[in-house]
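Heads up: the protein sequence lines correspond to chains A and B, in order. Quick note: the first sequence uses this note's numbering, first residue 8, plus one each step. Quick note: the second sequence uses this note's numbering, first residue 26, plus one each step.
Among these hints, one or two may not hold up.
Some chain B residues near chain A, calculated using beta-carbon distances under 7 Å [claimed, not checked]: (1) Met26; (2) Leu45; (3) Leu79; (4) Phe82.
Hint data in this document are derived by calculation from the structure and do not stem from the laboratory. Using N, Cα and C, we set each Cβ at its ideal position, and we do this for glycine too.
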Amino acid sequence: MIVVFVIVGLFVWAPHFFPAIFNSIARPFWRMEFSLQSGSLHSPEQLLNENENLKRQLLDAQVRLQTIQMTEIENAEFKAMMGRASTTPRILSAVLKRPPFSKYDELIIDAGQDKGFSTTSTIYASGNILIGKVSDVLGETSKVTLFSSPGQKYDVLIGSQHAPATAIGRGGGQYEAQLSRDTKVVEGDIVISLSLNNKAFGIVTGVLSDPAQPFETVLFAPPVNVYQLRWVLVDVKGK
Amino acid sequence: MNKKTIFRIVIDLILFLAVLNGWWFIVIPFGFFGVYTYLYFIEILIAGIMYDSLFGFIPGMGVQAYIGTIVAVIIIVIMNLVKRVVRK
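Based on the sequences and whatever the hints tell you, model everything.
So, in structure tokens, the structure goes:
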């Protein structure tokens, strides 16, 4: 009975007591798993081949990057002219655990208070795709709640006509929204979020229409697969 | 060390690795088995708290944040009732 009271007391008055202990235990195992998945045990020959291949891809990418950088500079100049310049640094962090095995549609990332994260920090996948926010910070790990967590709601604009709608998270990086059937939304349309600083939010993956209903259901998801995320960028201050 | 103790350590290891990976679907059956087989199988309670510590305990999540611990307690209660009936 005393043990139960102690446990409940720790849950209530020191909510970070158990997470701090168990995360310290789990982190080395998760790091090891991550390293193994990253190919730490490959043969030298395989690693050299992979290295060569990646170097070639890097060269290709650099050419494309230069074009993108030109556009970004131009974009930054325009934003600066409009008084909306952003110089917030982002921190790269490894994803230690991701859905579907983490039950609550969350990620566990390999940085926490040591990098200055807080519960206002936001998470981006590669390509500047906003996917979630930090919900709990420990010493060297953080829990990230994906925006697609079931039941979470966001105001979004869908498609080229910027049709306003409320997106509801369905879990696993999937969202749905109800729109009037008159709105012309097609697969591949971009969805941006009003409440999350107008960042790209997702791409329409399907439109479910029933002739008997005045509304159609628009399904969309971020262009990245949250089940395959290995790295994320963390905007420490959040926006 | 007798066979039963070694077997218990093996189950503990399986529980530990399953919780680390969030594989609750492995923890639950082994939990039932452990509580049924061994006296004072508190490992299931530790596994529940560990699961919540790693994946739950997010402020604003409500009771769902403690689901691992709650399920562990339910398993202990159910299996103790079952043991009482079966082993009369």
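Results of checking the hints against the structure:
1. Met26: This hint is violated: B:Met26 lies away from chain A, its Cβ roughly 24 Å from the closest one there, beyond 7 Å.
2. Leu45: At 5 Å from the nearest chain A Cβ, B:Leu45 passes the 7 Å test, so the hint holds.
3. Leu79: 6 Å, holds
4. Phe82: This hint holds: B:Phe82 lies near chain A, its Cβ roughly 5 Å from the closest one there, short of 7 Å.
In summary, the one numbered hint that this structure violates is 1.
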